[in-house]
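Work out the full structure: start from the sequences and follow the hints.
Just so you know, the protein sequences line up as chains A and B, in that order.
Converting from the first sequence to the numbering used here requires adding 4 to each position, the first position being numbered 1.
Converting from the second sequence to the numbering used here requires adding 2 to each position, the first position being numbered 1.
It is possible that part of the hints are untrue.
To be verified - Cross-link-like lysine to any residue pairs, in silico, SDA-like; alpha carbons within 20 Å at most: (1) A:Lys149 to B:Lys243; (2) A:Lys40 to A:Asn124; (3) B:Lys433 to A:Ala182; (4) B:Lys7 to A:Ser98.
As the list claims (entries may be wrong) - Examples of chain B residues toward chain A, derived with CB under 7 Å: (5) Arg6; (6) Asp11; (7) Val33; (8) Val493; (9) Lys495.
Read the hints as simulated data drawn from the structure, not as lab findings.
Note that beta-carbon positions come from the ideal geometry of N, C-alpha and C, so glycine has one too.
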Amino acid sequence: MPADSLIIKAANMNTLPKKNDEEAALDEPACINLAKQDPLKFKPLYEKYYEQIFRFIYNRIEDKNLAYDITADVFYKSILKLPAYEYQQIPFSSWLYRIARNELIDIFRKNKAVRVVSINSLKIKDIIDDIDLDYREEYRPQLIKLIKNLDDDDLQLIEMRFFENKSFKNISEIIGTAEAAVKMRLYRLLKEMKSQLAGR
Amino acid sequence: MKNRKIIVDREELPAADIKPNMDFDKVVKRVTEAPKYISKTKKVIGGISTGAAIIVIIVSGIYLSKNQKNETDVSHNSSTDKNISKMPEQSTDKPPADNPIKQGVTNAAVNAAPGKQAATANTAHNASLNTNGTNGEKYNSLNDFYKKTSLPMQLFTIAANRDTTITGAQGTKLVIKANSFTDAANKPVKGQITMALKECYTLEDMLKEGLTTMADNKILESGGMIYLDAKSGETQLKLKKFEEIEMYNPIPEVMANTNMCVFYGETKLPAGGTNWKADNYSRIPYPVAALTAGKFHDTASIDYFASHFRFSKDKMIEALKKKDSIKFSVSFNELMKPIGSSGGEKELKPGTPLCEFLSLAANNYIPPIQGATRETAFEFNVMDKADYEKYLREYKHYIEDKNLNKGNFKMHYDASDVFNAHSNSPFYIGKIGWINCDSYKGPMVNVNEIHFTLNSQTEEDVKLIFYSGKRPSIVKALKTGNTWCFPNIPVNKEVTVTGTFLKDGVIQKASKVFKAGKKETLRQLEYMQ
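Here it is, written out as structure tokens:
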């Protein structure tokens, strides 16, 4: 073995994200089972996921108070539906996001709020990079306009992938489709966006 | 214009602002005040089941009217909200008989006529052209004839807003997502959709449909073709933009063949064959989740990996001349362990990031044989920067959250895409119509043209059929005057030329089997009444 070789052991190359102490401390399946019997036992899950679910909603709604109300509705419905939830089929967090997503769809369908797209300008550069174009300042407004007019399904894909840094696996669980299909869809979407940007 | 508001760089709410709004007690109070909240949940599930039952009745009704076996299997998955409806004639998930083709190409070709009696099989040594008349029925044109031989449509009624899986009589499985279809004006469709499906997995069925396996001038090997259509009432539907139907081909060898991808029928002229266009993005690898810890998968993935990153000596020499080339090498010498277990060393020479990426990927995803020592060596001494960047781009869209932040390398990769592409990933269909699971016929060194003349003076459809393993290729002849030509046919292959002729409204079929030899490029075939 050369002296300058780098030895990496399989055990050290686990690429899965490490759980933080709080996550490690919470035995989620046990907690869910208890909460199925007693809603009060739902509290640790509520505390763990409240902020991320709220942010998911607030990113899509302008009115902060409405976002709090919808978040409360999400947790209310999740406790009601908890007996039907099975841990093996979908991670609990994705299940909550799925309920939140459905709540939002309902809100927008009933015109109770205007759909907001919260764009992080730093991420716009990432998207341009990902669609394989050399960055040009003029692409920014064009891309924002493209995003604004995307279909709902495509918009949420861009939002979750680029603005919320969700993995393909997470996205697939939230929208209830195969991970491979999500990748494929995003790939095609970026290709389409590229052709629209480059064609201008 | 969508009614949306864009907010750029919106101020993020600090966590401290959010926490005071958490009121768990209020939520619990609502829950406990809801009348018998658990039984209400059960009601929701009951509602979904009823929806599925309605589909059973509709689907069964259609099958019964076709005098088929009444054995509809519809189940419902409450977590993913899917309906699964299955064609009743399909007895198992087995593929259609592993191609009747081997039983006699000629038979299949001749039998494609409707109402025909069994024809005599030709052999490779037959010297004369065999002809068979049909049952004497009169046709106005060959198209008219093919319309009559056309396979029956299998019809499925599905709910537009539900995920549905349909399984055809031959075993084609189609996974259709909710709200996948729109009308011509791109408006989403509601209510019920009628899906029509035809399945052509045998040569005989392909010929009955008048199909060929050519993509422009390239010859394909067919892994089977289907026709898929969707209507809402009388309204023709199409797949929503970027929406895809997941298709599982019933033939295991087709599923396992990574070269097979989706081709769309560009023109389907019954007597004129079909031109197919490849959809290069129609097959992508299994997700990481499909690899189960402790299970051992096909080690062929290593070959796939190597073929993607191996370079010819010439290419390397060329790259060496360039200043900005990337130099690296990687070698493995390891005791392989099951996925998910620890152990196994990778010896990596510090070099380029790609090397690390490959090694990491190998360590995590190469499916090993438990406890076996395997020596694997890959050496990529130098890579042209442009090539390197091309590969980076190629995998860029398959990003996962695996930050290999080493040295100058700050990309995210999902290595599973490199390693799991070797088999069984579904076919993704991006539009409906004629769909073909095909691969290009591999590089053919010894090819030749086959010419022959036909003095038919009729409307005719002449095709040439040959096999690569079990998969058929059907080539349409190019015609100049009375001379017919099939280009790029591998020499020494047993081929069958089959012709369908219309004379005075009567169909005649003829075929001849012979070996395509280097010096036998001209053959005189006589049409015999």
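Practice item. Against chain A, run the beta carbon of arginine 6 (chain B) and see if the smallest gap drops under 7 Å. Key: holds, 5 Å
Review point. Taking 20 Å as the top limit, are the C-alpha atoms of lysine 149 (chain A) and lysine 243 (chain B) close enough?
Key: With Cα atoms ~18 Å apart, lysine 149 (chain A) and lysine 243 (chain B) stay inside 20 Å; holds.
Review point. Holds or violated: are the alpha carbons of lysine 433 (chain B) and alanine 182 (chain A) at most 20 Å from each other?
Key: With a Cα-Cα distance of about 18 Å, the restraint between lysine 433 (chain B) and alanine 182 (chain A) holds, given a limit of 20 Å.
Check your understanding: Is the hint on lysine 495 (chain B) kept, meaning its closest Cβ partner in chain A is under 7 Å away?
Key -> Lysine 495 (chain B) check fails; min Cβ-Cβ to chain A is 36 Å, beyond 7 Å.
Point to revise | Interface hint for valine 33 (chain B), Cβ within 7 Å of any Cβ on chain A | key: Status holds, d = 5 Å.
Check your understanding: Within 20 Å, alpha carbon to alpha carbon, are lysine 7 (chain B) and serine 98 (chain A)?
Key -> The given pair, whose Cα atoms are some 26 Å apart, is violated under the 20 Å limit.
Exercise for review: Starting from lysine 40 (chain A), check that the Cα of asparagine 124 (chain A) is at most 20 Å away, please.
Suggested key: Between lysine 40 (chain A) and asparagine 124 (chain A) the Cα gap is close to 38 Å, so the pair fails against 20 Å, i.e. violated.
Point to revise | Cut-off 7 Å, beta-carbon criterion: hint that aspartate 11 (chain B) touches chain A | key: With Cβ-Cβ at 5 Å, under 7 Å, it holds.
Review point. Does valine 493 (chain B) pass the interface check with chain A, least Cβ-Cβ distance below 7 Å?
Key: This hint is violated: valine 493 (chain B) lies away from chain A, its Cβ roughly 40 Å from the closest one there, beyond 7 Å.
In summary, the structure is inconsistent with hints 2, 4, 8 and 9 from the numbered list given earlier, while agreeing with the others.
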